[in-house]
Structures are given as C-alpha cells and as structure tokens.
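Heads up: the protein sequence lines correspond to chains G and A, in order. Take the first sequence: its letters are residues 1 to 380, numbered as in our numbering. Take the second sequence: its letters are residues 1001 to 1357, numbered as in our numbering.
I should point out that these hints are in silico values taken from the structure, not numbers from a laboratory. Hints may contain errors.
What the hints assert, rightly or not - Lysine to aspartate or glutamate pairs mimicking DMTMM-like chemistry, simulated, CA-CA at most 25 Å apart:
1. G:K205 <-> A:E1049
2. A:K1227 <-> G:E366
3. A:K1066 <-> A:D1082
4. G:K377 <-> A:E1278
Said to hold, decoys possible - Going by beta-carbon spacing under 10 Å, a handful of chain A positions derived as facing chain G:
5. K1078
6. A1098
7. A1117
8. G1134
9. K1171
Glycine residues also receive a C-beta, built at the ideal position from the N, C-alpha and C atoms.
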Amino acid sequence: SRKMTVGARVVVSARTYADFTPQASFDIKKCDVHKLEEGPPLQAVLTREEGLQYYRTMQTIRRMELKADQLYKQKIIRGFCHLYDGQEACAVGIEAGINLSDHLITAYRAHGYTLTRGGTVREIMAELTGRRGGIAKGKGGSMHMYTKHFYGGNGIVGAQVPLGAGVALACKYLGKNELCVCLYGDGAANQGQIFETYNMASLWKLPCIFICENNKYGMGTSVERAAASTDYYKRGDFIPGLRVDGMDVLCVREATKLAAEHCRSGKGPILMELQTYRYHGHSMSDPGISYRTRDEIQEVRSKSDPISMLKDRMLSNNMASVEELKEIDVEVRKEIEDAAQFATTDPEPPLDDLCNHIFYNDPPMEVRGTNPWTKLKSIS
Amino acid sequence: MASLRCFLRSGKVFVVPCDICIINSILLLQVTVRDALNQAMDEELERDERVFLLGEEVAQYDGAYKVSRGLWKKYGDKRIIDTPITEMGFAGIAVGAAMAGLRPICEFMTFNFSMQAIDQVINSAAKTYYMSAGLQSVPIVFRGPNGASAGVAAQHSQCFAAWYGHCPGLKVVSPWSAEDARGLLKSAIRDDNPVVFLENELMYGVPFEMSEEVQSKDFLIPIGKAKIERQGTHITLVSHSRMVSLCLDAAAVLAKEGIECEVINMRTIRPLDAEAIETSIMKTNHLVTVEGGWPQFGIGAEILARIMEGPAFNYLDSPAVRVTGVDIPMPYAKILEDNSVPQIKDIIFSIKKTLNV
Chain G
1 SRKMTVGARV VVSARTYADF TPQASFDIKK CDVHKLEEGP PLQAVLTREE
51 GLQYYRTMQT IRRMELKADQ LYKQKIIRGF CHLYDGQEAC AVGIEAGINL
101 SDHLITAYRA HGYTLTRGGT VREIMAELTG RRGGIAKGKG GSMHMYTKHF
151 YGGNGIVGAQ VPLGAGVALA CKYLGKNELC VCLYGDGAAN QGQIFETYNM
201 ASLWKLPCIF ICENNKYGMG TSVERAAAST DYYKRGDFIP GLRVDGMDVL
251 CVREATKLAA EHCRSGKGPI LMELQTYRYH GHSMSDPGIS YRTRDEIQEV
301 RSKSDPISML KDRMLSNNMA SVEELKEIDV EVRKEIEDAA QFATTDPEPP
351 LDDLCNHIFY NDPPMEVRGT NPWTKLKSIS
Chain A
1001 MASLRCFLRS GKVFVVPCDI CIINSILLLQ VTVRDALNQA MDEELERDER
1051 VFLLGEEVAQ YDGAYKVSRG LWKKYGDKRI IDTPITEMGF AGIAVGAAMA
1101 GLRPICEFMT FNFSMQAIDQ VINSAAKTYY MSAGLQSVPI VFRGPNGASA
1151 GVAAQHSQCF AAWYGHCPGL KVVSPWSAED ARGLLKSAIR DDNPVVFLEN
1201 ELMYGVPFEM SEEVQSKDFL IPIGKAKIER QGTHITLVSH SRMVSLCLDA
1251 AAVLAKEGIE CEVINMRTIR PLDAEAIETS IMKTNHLVTV EGGWPQFGIG
1301 AEILARIMEG PAFNYLDSPA VRVTGVDIPM PYAKILEDNS VPQIKDIIFS
1351 IKKTLNV
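Extracted from the complex, chain A is given alone in its bound form:
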C-alpha cells in the first residue's frame, strides 16, 4: 500500500492521512484503482457519445463493486444499461452494437461469468475483422474483475489472462496501479478493436499517488508496453496485476540483503512486450515470472517460451522459472486459500533459488 509522505519546509517528514498533499506546488492526489476506473469511464462517456456501459448492476446499483458509481445518475438509462443475468445474450448484444457503430463497454461482474459468453468474445468479436478482411471492425471493451478474490471459492476465483491471451484478434490488458487503470482503460475505450480489460477486485480499494499529468483528460497509456516499476541489477521479475505489489514487496525485503530486483509491470498481456523483458534480462541475467493464475499453459509459460526462442536466452545464467497459483481449484478456508496463491515468501524463495544464494 502506497503511503504519502509530506515534506515541511523545515525538513520534517511526516505521514499524512489526508487525501491531498501539496509538494513543491505539484498537485499529487491519492486515487484508488476503483476511482481511477470510474473517472476514466466518466471522461470517455463525456468525450464520445457513442460510448456506453452495459452489464449487471452497473446502473442503479452503482456497480457490483461500485466501479460505475454515479455514472447512471449523470448519464441516464440510454448510456448506462442494467442487464438481466444473461451474459451470453448481453455480450452478444454489446458486440452487435459495436459492429453497428457504437463503442460499448461490456462489464462482466467477474470474468468467471465471461465463460458463459466466451463464444461472443472470441468468435463474434475477436475474429470478425480478420474474417471480413477488414470490412467489419468491433470497437468493444470487455471489463471486470479477474482472478482470485478473498474467500469466494473455486467458481469465482479463476484467472482468465491466459485464456484470452491465447487468441489473435484480441488485445488483453491487465492494469496494476491507479495510473495503469486510468491510462489503460482510456486507451482501451479509444481503441477500435476488442479489448479484454482484466481488473482485480482486491486492488479496487488500493490508493496510489497520481500526478497532475496522469490526471489530465487525455492521459493515455499505450496498450502493448510494459513498465519498469523498480530498477534493479540482479534479477528480473515480470508480473501483472496484483502480483506486481507482491513483487515490489519482495524486492524491498531483498534490497536489505543486497539483492536488487528489477520489477516489470507487464500492463498488457497481449500483445506481450517481450522486448522490455529481454532488455531487462540482458542486464540482470536472471528471470522469475510471477502470476496469480494456474501454471499450465499460462502467462509465465508463454514468457519463458519466448525468452528461450529469443536473443535473451544467451544472457540467462540460470533457467528462468515461474511463480504461479497452485494447480488446484481455489479452496475456501482462509489457510488453504492463502496457500493457493503466491505469497511474498514464495517469490523470495524462488529468487534466491534462481540466484543460487
């Protein structure tokens, strides 16, 4: 969790529990991921009247996770549409609306429910521009929380990054911070292609500092470019979404032992920024990927395969490894759930094994 430190002119440092702190006349806001998503949608709804939001509870309930709070009150029934619990139907309707000139944001209450609609996402949205040889584009965003939550058990905890990341014709985005959420969602909405936007429920309430530049209405983060969240020299950690937080925490712990980790926030799953990862490995000579999803045929598996096939392989001093969720359906009991996803200690352990320390 990011904390905000304010500096007095006297040089005293203290932690401020307030929302706004003025530092050197630059306005830094504390913004949660949820609010960043909300503001991004609000601004894009205002900017382009073809943009609209549909999904379960998005309007009058203010969103199942309150991500769309206030939007229905502001934009009304035409632009913010509550749907019945019929994913296949409303996802198809959203895709059809995109084909006919609108720019829908289709919310899945969680991506687990997108499985009911996955045919519309893949066969109707992703493939159509190709099948029509460029005659029919589909400017749609599918968004919602993805992956593990807390105590929601097996049917509500699956990570779909690898499933959607597999398919040509889709862009798949996985933001970590509030800045990511804001810039990537704006880019996704402005993109003329189908974008799967994987949020994380556990990150919704996490505040991040947001600079003035990031707060501007045209702040966009390009889809397909990773970000180095922390510079390092000894090992490259590649991660996405909530696991980036754990990587940074692991890096902070290891820094005390003199191990400097370079933490890469993927930001985009597809197209994967392999170049950023390769450049980093050429510097650090070691790679560990960290993801919340299952190991087999997953994000880490793809990254490792690409590194094997690319120029960075020759720079590896030890085999690259993956830290992943445990290969089981998600259990309910807290102790079991906690041990089903990577913990900071698992990341540290894997780093030390890779570095042979």
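The following block holds chain G by itself, in its conformation from the complex:
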C-alpha cells in the first residue's frame, strides 16, 4: 500500500468516521485488449482513504491549472503553457498503479505529473512565473520541470519516448525491479521514433509502460485527420495493448496495475491508450474552439468529468460527506492561492545564475557574453 503524501485532515462534523463506508466496489468499463489474454478486472475496490486522496490530488491539479490560466491572461506566465484540466484521472490513476520508486516521463503537458511525482504546487507555479523558487529555478519553464524519477517535461514531440525506454533499460540493467511509464499524446503517436522505440523495447524486453493519452486532438488536428489508424492501443503491433477509459481514475489505476505487473514479471513492454479529454485548447494561445464545438466540450464536462465522477461515486456510496469534500475544496483553493502568491512575489532568478548549470561536476568556467568584453561566470 502507498503512503499518502497529502494527509487528510480530521474533519470536524456531525458525522464521525465510523459513519462512512470504509470501502466499496465499483464497476469500471471493460478495456479493449490487443494481444492480451485479458484486461483488468471489471470491478475496482476503492477505500475511503484512497478516494479522498485521489479527489484531493485531482482537485489540486484542476485548480492549479485554472490558476495558471488566470496568470497567463494577466501576462504573469509567458511563452508556452499547456494545461491539463480534464485529464486529471490519467495522472492520478497512473500514480496510484505504480510506486514513487518507479520512473515516469511525459511530454509538455506536464504540470499534473510534476505534482503527482512529488513536486509542490508552489514550486510548479513559481517555475511557470519564472522565479528563483521554481522547481527548475526559473530556467526551464512550463515544459521543463523535473523531480526525482520524473524526467520532465519535454518540448520536442515524441522525443521523450525513446528517453523513457532508455530509463527502462537502466531499470532492467540495474536490477531494481523498477519500471518506466512513458507517456505521449495522440499527436505524437505517429512519430517514427516511437516505432523505433517499440521495436527495441520489445526486442530487449524493457520494463516500459507506453501510455498514449488520446485527448482526440493533436493541437488543432483531430485524430481522424492525423492517423490512418486511431486504434492507438494497437499501434504497438507486437506489443500487447489496452484501451482504457481515461476519465475514470479507477479504470486508469486498474489498467496501470495490470501493466505494471506485466512489466515487472519480465514480459517486456506494454501499451495503454487512455481515452481522455482536455478542456483547454492545445495551449494558452489556442482558444480550442475552432476545431471542436463548445457543445462537445460542455458535453464532456457534464457527463464525463473525472472529478465529478469520483465525487458522485463516493457520495452515493456514503464514503464521504458533501461538507468533507467542500472542505477539501477550500483547502485546495487556499493552497493554490498561497502558491500563486508566492509565484507572483518571489524574485526572478539573479543574473549571476544566467550561465550556471551548463556542466555537472566541472570546475567553474568562463562563458562569452553578448560581446567580446563580457565574460560571464559559469559554475556547475
């Protein structure tokens, strides 16, 4: 069982802990499978503790992304900003199916994963605003955040996939029974280097879970216009695959557990397609309504929102109270506000830091400035 990194506060209410159902079993959608004997079970057990934790984490991601939207419109966040709201069940469900000692890499829609992998909202937001308290000291920005066993945050579409297989190779080489979750989107799924990676991961039986987050659009191009085959879970050909409801955190978790078991038993890579949806456009520069209708977005929000789905499940099974969840909402809002406050008031990185971090473990060196007379200093 996993340790909760976000502790649940003792809720002062009229109802005691003993009133709530400690755990319940939920039906989850059947996963389509490819070259697999069977998919995950059709039922998932959720404990109250887990439910509250998943709820809190998903809500934190949701609120954090919405705050980033605000800050971007105020021009406090610059450049690229790719938001994850709508896809929370993926990041949270995946993390619930692996351990923090496992490894994970994704592309640029990475704020949610930075959080689930151990980053704090404070250091994520301060990175977005480019401050010295940012998780990469302000030098990376939205697309380049890193924590332990989390390799970003990668800007070049598809490049993270071979990297992830390389991490998996290291896992196998070092014999620590760890695996690597390697994520990419429906847009990236057509990249040649991904097929090169499927080939090598399969040949060498690397402990790699390839996960395609299919949110139906690669920037402004729908999957039907980009891919000759939109069965992304089959695109690994000789790699077994499953297609998962990415809006249901329990479905994602159960599928991830199955995938992790597959890898850890030495069978080699496996592929999961998570069918999910992003509420925002591709990035903050994309309103997201020129290639899809507002109706479509609204439909997903009302029928498939991952946080609502979990909330309804817990409430209708007496696993939590409305007040309790509201209280979590309040706490999350406060955490985000505090983080945003920090992110907008923390100073920018000092100019002294400009040339640092070029090389690791090297003596200090000189770096040419913009003109021959300017010699800047670089330390490791």
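Starting from the known structure of chain G, fit chain A onto it as the hints suggest.
What follows is chain A alone, placed relative to chain G:
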C-alpha cells in the same frame, strides 16, 4: 606515419618492423588509433559497471570498423548492445539510460547518421542539465568516425565538428593520435556530461608510439586543452584530427627551407583552448588554421573570430587565414575527392602567402 627507430649500443640506427622495441629500458609500444580506442573502452568497461556500449554492429560484428573488437566476447549482451538501424531511437534510449544512472557510450557508425538523431543529442542531452537547473545530468559519450573517408561520396563524408561545436551543454572532442584517442576517450567516459567524440576512419589504422605512462589505466587527457605537437617560431598552425598529420608533414617540408612552424593539435573543439593559440601567436605573429570541414561558419572561422576579439590580434603581422575542405558536397572520383580536401601543398601554399615568402 610514425616510424620506430631503435638504437643499438654500438650506435647503429635501424628501422624496426616489429611491434615492440626496448629503448633505454622504457617500454614503447606501437599502438594504432583503433587499438587505443578499443583498450580505452575495455578499461573503462572494467572499471565502472555502469558503462556500456550500444550501436550498430558493435557487438557480434566486432564493430563496423573493428573499434569494439573483442568487447562483446568479454562483456556479453548486457554491456555491449547491437541495435537495429534506428539512430533516433537508440540515441534517445542511450540518453534516457544516462539520465537514469548509467554511463552509455553511444556509437554512430559514422557521424553522418547522427543527423537522424541530432535532436536527441542537442535537445535531450546537451540542454537538460541547464533546463533542469542542475537537477538532471546526462553522462553520455557519442562517438564514431567523422569527416571525410576514402571514396564514400557526399552523404558519408561530412564533418560535424562545427555543428556540434556550436552548442552549449556539449563537450566536443577530436583526437588525432593514439595517445589522444586513449586519454581523451577515457576522460570522455568519466566525464559527467554529454561528450561528442569525433574519430576519423582514415586514422584508425595509423600506429603511434605510446609510452608506458600513456599505457597506464588511469592515463587521462583533460578535455579542453590543446597540445603543441611541434614547436616553432615563424607561424602557428592550428588543426584537429587527421589534418594534424598534414600540418606536421608540411612543417617538415618547410623546415628544410628554414621556416619553423608551430603545430597545435586542438584535441578539443569545445571548449576551445583559445589561450594556447593566443600564446603561440604572440610568439610567431602568424596564424593558419587547417581543417577538413567546410569553410563557412566552421572551426577555422571560430578561431579567427576569437583571435580578432582577443589579445593576440595585436601580435598578428598579417591576416590569419583558414585552410579548409572545398565548399562542395564530397565527390566520388579519386581525383575529385583528393582535390576536395586540404593537401600538404595547400597548407604550404597558404603558409608562404601568409608569411609573404
């Protein structure tokens, strides 16, 4: 080509066609560049079990150019990995492995093929330590033959020194001799940063004398320091890789005419040892750079720009010039190919023009 001369106690001198000659009880070995690279990798594989080699034909074929001969037999499938012909994929895998704690040597059969993977070298390897503000280092070596070979035509003959030399976050090394190959490859493998190691196919079979000191398991050449291969007073020649041989040959010819050239072997492209070049120019007052690659935006161009901007400019008695490959894709026919790269006569010509003799 270096020849080995042995001295008998009687004072007679003769050329020995054997591998080993004992002179004054110092053991001097004749070692080819290929064997030097092979031994360096062997020793580093033995020293640190996180080091491994991957690339096309490196294992069971013993290496396309036999540089990794014997390694697979000794270390097995885990440490010496044959890859499919998928540069972008396996270079990315190598970088990921480096991020996760291993120390890969990623071989490109030639650096021409590294173009397919260049995004992984630059965007995934070179920039990551900076983007992560020091959280994520990438201890990887990309190695393989670079530049012109013999009769392999345009797509297989490009020099990438300037391309990789352009990028912050990379170290770029270009050995000439067997000693260079050995010491620099060991340093590159032990370096915690991405190193692009540019070998030369035409140099693989060339033997060099290697002293006992150089043969020791911890012999390292520091990255970023040039070496003066030949002392001189009239002009400074700066070169890297195979062109160092031509510079030395040109210098030998000119010595007979009383012109003494100082030949600097760059050893490292990035970081460039500008100080060594400046110190030399302050002595000789003249500079000619010699490279195999194309002239525009190349190694020589960078050296000349730095000299212009630095203290050595005031010591130049004539403009510094570059000797480079001809600005064309490499042709196939021998006569055309021979005239596409600098020859000794081109170097001599440029030296004499610079010295106005």
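For each hint, the structure was consulted:
1. G:K205 <-> A:E1049: The hint holds at about 21 Å.
2. A:K1227 <-> G:E366: holds (20 Å)
3. A:K1066 <-> A:D1082: holds (14 Å)
4. G:K377 <-> A:E1278: holds (21 Å)
5. K1078: holds (7 Å)
6. A1098: holds (7 Å)
7. A1117: holds (9 Å)
8. G1134: This interface hint holds because 5 Å falls under the 10 Å limit.
9. K1171: holds (8 Å)
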